[in-house]
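Peer 1: Position chain C relative to chain B; hints supplied.
There are 2 protein chains.
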Amino acid sequence: MDVPVENWAEQIRAGDIGAISRAISGIENGTPAAARLLQILFPFTGNAYQIGITGAPGAGKSTLVDCLTGFYRDDKKTVGILAVDPSSPFTGGAILGDRIRMQSHAADPGVYVRSIASRGHLGGLAEAVGDAALLLDASGKDIIFLETVGIGQSEVEVARVADCVVVVLMPGQGDEIQGLKAGVMEIGDIFVLNKSDQDNAGQSALHLRSVLEMAAERGGSPPRLVPTVATENEGTVDLGRQIESFREKFEKSPDRGLRETARWKIRLLAMLKERLMARFTRDQIGAKDVDALASEIAARKKDPGTAVEELLARF
Amino acid sequence: MDVPVENWAEQIRAGDIGAISRAISGIENGTPAAARLLQILFPFTGNAYQIGITGAPGAGKSTLVDCLTGFYRDDKKTVGILAVDPSSPFTGGAILGDRIRMQSHAADPGVYVRSIASRGHLGGLAEAVGDAALLLDASGKDIIFLETVGIGQSEVEVARVADCVVVVLMPGQGDEIQGLKAGVMEIGDIFVLNKSDQDNAGQSALHLRSVLEMAAERGGSPPRLVPTVATENEGTVDLGRQIESFREKFEKSPDRGLRETARWKIRLLAMLKERLMARFTRDQIGAKDVDALASEIAARKKDPGTAVEELLARF
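Chains as they are written, first to last, in my numbering: chain B, 608 to 922; chain C, 608 to 922.
One chain only, chain B, in its complex shape (with noise of 0.2 Å):
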């Protein structure tokens, strides 16, 4: 990379597609260069929608993508998508074969999509995508979507750096729910439930609400739950405006410094952990070092409380 970084700078403000995809490969590999670009950017983000849209394998959150995707082109919206792809860094096939269904935007000069391999990331999936963020951002994209796959931890935390959170369901999975009570209560502000011309969609549905209300008590009014058919656009718009009016509702919001604070705490401890941990790995312990306690630990020499102390007593 020739041009400076301030010039690179230029050019992601300006909207450059290269130069906002080189940018996001360098905070996928953790350049230095990368890095210096947030710093040189940040002060111009914070004007952009993230909306974090997550839930299960199968559970049509692409095809959901796609349709709001139509409904803030429709509004001269410009969008950014962030989709995190559970394959691994080897196998470009992937994101192909889920992102083929984005082509009712592709010639769109409005649209830019982008996956995010969920692996391989030295400072952690969350502060990638985070960064990433920032990036389209500063580039003046009005609305981004951060896609992941899963209700699992990691998800939480990719989904935690988004200012609306959209978890999708499908009918069928009401068994388990109950189990997912607060844990799904907690990162949820729009809940959807897909596929809702499948028969046993009305019991979901019910099954469903009544577990947001039980959850609600304890804080006020429950999610909204809306019913979409994300195949034939059904709901969509509907789903659009929730999303919209929880926009407004966030940003008159009088806590709404306090939420962004601790947001930027809870992104703050887990950079510090993961920089901490590569420093640490630098200087202190070599790859031998490890591999050795590894393998007395499995041949039942050494316990792992004890072998972790040894490679803390070096700091």
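No wet-lab data here; the hints were simulated from the structure.
Be a bit skeptical, because a hint or two may be false.
Identical copies carry no separate label here, and so any pair may be met within one copy or between two of them.
Said to hold, decoys possible - Below are the DSS-like pairs computed for lysine-lysine, each with C-alpha atoms no more than 30 Å apart in a straight line:
(1) K684 / K859
(2) K872 / K859
(3) K880 / K895
(4) K880 / K909
(5) K909 / K684
(6) K908 / K684
Note that the coordinates shown come from a computational prediction; the quantities given were computed from them, not determined experimentally.
Peer 2: Just chain C now, with coordinates in the frame of chain B:
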């Protein structure tokens, strides 16, 4: 706890349920006594066969574990079940809701069931589950099930603790299985297509088999795909046999030692990262410092990269 830790360890080795339960609570809370117990008991571990069961909510994992428990009890093996509960620490209800299905083994002293909350572990979820499994191993359980919800990154980490990982899928998830190709391939030793009596099951099975075969081209034969209907106990004996046959192959494998060392290395690094952070936040920085920095970031007065470098400079 007035019992000296050595006696406590003896009680655990004798299979005393109260002693085991208190020890797992100690692991969850990160007590020094639990750490000491693990050190004493570690030389007595390595005999149990640990089976990870993972999959999306609603796939039927708990019912499958129930069936597999029956399979092993018929063979007079003792069973421990650790179920990662995605709810928050403050909800107890969810556990009961899910675990009500285990009542077929509730009166059986050869079966121990325990839920572990997915949040609030200082040392990380995977470490807590791994340590609890070590305890059950030392207590003499022959078979240990590690049941997690989701196929996210943290579930992958929990699954890595196990000797054999069973990924449970259901019909209709085919759409996105393509996208999960490599990620799932990496963690799954055996795949289950549960709810195989559904209309679209045949198509899902075909699709899934082709994905597994394609992905396996890189390294040998594809993992098994076992169709089941757990609610009817159909296909579960076949699944049990596949799990046992995987074990035989695994125990005879010449690279068994290398694989165990590799697993312990990952676990050791994860422990190190958590403890390093715990030590740093205890000694070097206070909650107030982080709050102040997060507030400056939210106001765009300081960028996150600079903030984290300021914290690291105290190190």
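Peer 1: With reference to the structure, classify each hint as holding or not holding.
Peer 2: Hint-by-hint comparison with the structure:
1. Only within a single protomer do K684 and K859 lie at most 30 Å apart by alpha-carbon distance; the minimum there is 21 Å, versus 60 Å between protomers.
2. Taking identical chains as interchangeable, the C-alpha atoms of K872 and K859 lie at most 30 Å apart only when both belong to the same chain, with a minimum of 22 Å there against 49 Å between chains.
3. Taking the shortest Cα distances, K880 and K895 sit within 30 Å of each other both inside one copy (22 Å) and across copies (17 Å).
4. For the homomeric pair K880 and K909, the shortest alpha-carbon distances inside one copy (26 Å) and between copies (19 Å) are both at most 30 Å.
5. In the homo-oligomer, the alpha carbons of K909 and K684 lie at most 30 Å apart only across protomers (28 Å), although the nearest pairing inside one protomer, at 59 Å, exceeds that limit.
6. Only between protomers do K908 and K684 lie at most 30 Å apart by alpha-carbon distance; the minimum there is 27 Å, versus 62 Å within a single protomer.
In summary, the structure agrees with every hint in the numbered list given earlier.
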